[in-house]
Amino acid sequence: MAARFFPAPLRCVTALIACVITLMPPFAHAAGLASAAPMTVPRSYATADMLFSTGKVLVTGGYGSTSYENRVELYDATSGSWSAGPSMATARYRHTSTVLSDGKHVLVVGGRSALGAETSAEIYDSTSNTWSGAAPMAAGRIYHSATLLGNGKVLVVGGYGNGGVVLASAEVYDPATNSWGSAGTLAQARFEHGAILAGSNKVFVIGGDTDVTNHLRAASVEIYDPVTNSWSAGAPMAVARDAYLRVVGLPSGKILVAGGAGNASNLASAELYDPSSNTWSAGGSMTQVRSGHRLIVVPSVSGKVLAAGGFDGSAYLANAEIYDPASNSWSSAGVLSAPRSAYAATAMTAGKVLIAGGAIGTGVTGAADVYTDGTTAPPTIAASFNPVSISAGATSTLSITITNPASNTVPLTGVGFSATLPAGLSVNSSTGGPITTTAPGTISVNGATIAVGGQFTFTVQVAGSTPGNYAPAFGPASATGATGTGNVATANLSVTAASVSNPTVTTLNATPNPATVGQPVLMQVSVSEAARPGSAAHRGIAAASGTAPTAASGTVTVAEGTNTCTATLNASGNGSCSLVFATPGTHTPNASYAGDATHQASTSAPYSLVVLVAVPAANAVPAPLLDRAGLLLLAIGLGGLVLRRRRAH
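Residues 0 to 648 (numbering that gives the first Met the number 0) are what the sequence shown spells out, left to right.
It is worth saying that the hints were derived from the structure and are not from the lab.
Yeah, the Cβ is synthetic: ideal placement off N, Cα and C, and Gly gets one too.
Incorrect hints may appear among the rest.
[As the list claims (entries may be wrong)] In silico EDC-like cross-links for lysine to aspartate or glutamate, where the CA-CA straight-line distance does not exceed 16 angstroms:
#1 K103 to D48
#2 K152 to D75
#3 K201 to D273
#4 K103 to D124
[As the list claims (entries may be wrong)] Computed beta-carbon distance windows for the label pairs:
#5 S443 to T602: 34 to 40 angstroms
#6 S331 to N161: 38 to 44 angstroms
#7 N177 to S280: 39 to 45 angstroms
#8 S428 to S82: 53 to 59 angstroms
#9 T437 to T563: 36 to 42 angstroms
#10 D101 to P235: 21 to 27 angstroms
#11 N468 to G415: 25 to 31 angstroms
#12 D75 to D273: 34 to 40 angstroms
#13 G480 to D224: 40 to 46 angstroms
#14 N277 to T495: 36 to 42 angstroms
#15 D101 to T437: 46 to 52 angstroms
#16 D101 to N468: 26 to 32 angstroms
#17 G362 to G415: 35 to 41 angstroms
#18 P235 to S264: 18 to 24 angstroms
Hey, can you work out the whole structure from these sequences and the hints?
Written out as structure tokens, the structure reads:
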């Protein structure tokens, strides 16, 4: 495929809106089936697993041109190329491979080897690209099933062993301890059955073959409960069939079984099982009878299921069909590059399914095909504010990202959405590229184009005017030709009350000082705006807010302990109230201003007030009063006293 080049990220910028479109060109096929690079080693009955940790598909084992295979190949889902992987210790086919819960390791179990039914197990490490041995099973198994449980363990069920003995036993592998344990016994021994984890994390074992020689297919269903490690019966299918690799889960939670070999002939019929009600219903029949095929859920919004190739009883098939759960019907999905059955297949990414190798008559093929879903998922949307908390009157940057989902294989065109901000949040009117904002609070996108795997991100400045917690919703976003409804994103923003701009200074005086016990003392308070040295307010021109100084309003509480009074400030920021002190000594009341809409609260320094003991009026002695005669006698007496003192000297 020729390289594709894209221009640098597109940008649309205005004073209020900025957007970036990121283009990410992945390897792509047109919708439908298309030939891919063939495997190096032709093989049938191999397994294929998508390792999302590496972006590659691991193909293991199988039956090659002459014998069992231990060679491994890796398919790069991005470049569409194959490379050799490390070989397994044991060549095998009709084995199982299971991606473990960490997404990095693959457990390969059992199968047929040169020694017969294998008990051996191996683990592939995608990080180191190496194999290591795992503990063997208790029983050798061919055509068994292996299912990853919700607890990370792997349930292995049935199969047949040496001598064609069909097995009813089940085993559980624990990766944490590299050990196997019994998982009970089926009521019906079986192989080539279907098994799937569904419902309440239970495993449903469906149909299968009960006789290696006479091929007696079963319709029965058995249910394994990992919690109790026990089995119970489920409702049987309407038609007995082998269901090996032909059982898949649908988005509705139901299980689809389609085609396979019946007891009389190959089948085109399909059935739907509802785990919640333990009932079966008819599914739409395929257009072609087939067995030896696989059912693969296409990784896309549609939840469609691909059935390709197989065997109709007389010839190998190349045609493919797709099941639509919405209509319960099948339609053509194209033609494989070579007719085949017993191929390896797995879902990849971006609506793609890989089909590789397979059996052709008495031989094998290495041909590979990729199915690409033509269904277009709607864009996804995400939104966030930065910062997530602002004060009233400030702005926050709203970032919205619209993404073309990874399952899509085509660009999205006509992308759009519209959202209205709640009252208390607002934007200014502006237009930039496909983005329009309309005051007071409408944001819309119309006609954007997003490349395969790309994103469209834009930012808008949002102002908060009213304190509160906001969670505006954005989406769903739509696109031309997209199927389904996209998500709705919410973004959280907290708007707090604007901080008060003007600090204050509170002062306290008292009259009289000193005072006496029990005497009312007038407590005089004054609140004025404070300003930083050098500012306009400091020079008496403007307050810290940038406006002319204004008087504080409200109340001031004067208190010493529980002894309090409240003063209401006048237009000049002054006020007074009275306190009475019950004990003598030095008292230190202070004044606390509560603040108002434009002035911060403040508290005065302690005021030193002396309170004296009062002399009661009832204990006072009046001074005597002298008339003129009294004053004359007093003067004569004082004069005589002075004369006697002089004679003594």
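Verification of the hints:
1. The straight-line distance between the Cα atoms of K103 and D48 is roughly 11 angstroms, inside the 16 angstroms bound, and the hint therefore holds.
2. With a CA separation close to 28 angstroms, the supplied pair K152 and D75 exceeds the 16 angstroms bound.
3. With a CA separation close to 13 angstroms, the supplied pair K201 and D273 stays within the 16 angstroms bound.
4. With a CA separation close to 6 angstroms, the supplied pair K103 and D124 stays within the 16 angstroms bound.
5. Remark: the range hint 34 to 40 angstroms for S443 to T602 is contradicted by a beta-carbon distance near 52 angstroms.
6. The hinted range of 38 to 44 angstroms is satisfied by S331 and N161, whose Cβ atoms lie roughly 43 angstroms apart.
7. Checking the proposed 39 to 45 angstroms range against N177 and S280 shows it holds: the Cβ atoms sit about 42 angstroms from each other.
8. At about 56 angstroms, the CB distance of S428 to S82 agrees with the hint of 53 to 59 angstroms.
9. The hinted window of 36 to 42 angstroms between T437 and T563 is violated, with their beta carbons roughly 55 angstroms apart.
10. For D101 paired with P235, a C-beta distance near 36 angstroms fails the hint of 21 to 27 angstroms.
11. At about 29 angstroms, the beta-carbon gap between N468 and G415 stays in the expected band of 25 to 31 angstroms.
12. Hint check: D75 to D273, Cβ distance near 39 angstroms, so the stated range 34 to 40 angstroms holds.
13. Against the hinted window of 40 to 46 angstroms, the Cβ-Cβ separation of G480 and D224 comes to about 44 angstroms, which satisfies the hint.
14. Between N277 and T495 the Cβ separation comes to about 56 angstroms, which falls outside the hinted range of 36 to 42 angstroms.
15. Between D101 and T437 the C-beta distance comes to about 49 angstroms, which sits within the given range of 46 to 52 angstroms.
16. In this structure the hint that D101 and N468 lie 26 to 32 angstroms apart at CB is violated, the actual value being about 39 angstroms.
17. In this structure the supplied range 35 to 41 angstroms is violated for G362 paired with G415, their Cβ-Cβ distance being about 54 angstroms.
18. A hinted range of 18 to 24 angstroms holds for the C-beta pair P235 and S264, which are about 19 angstroms apart.
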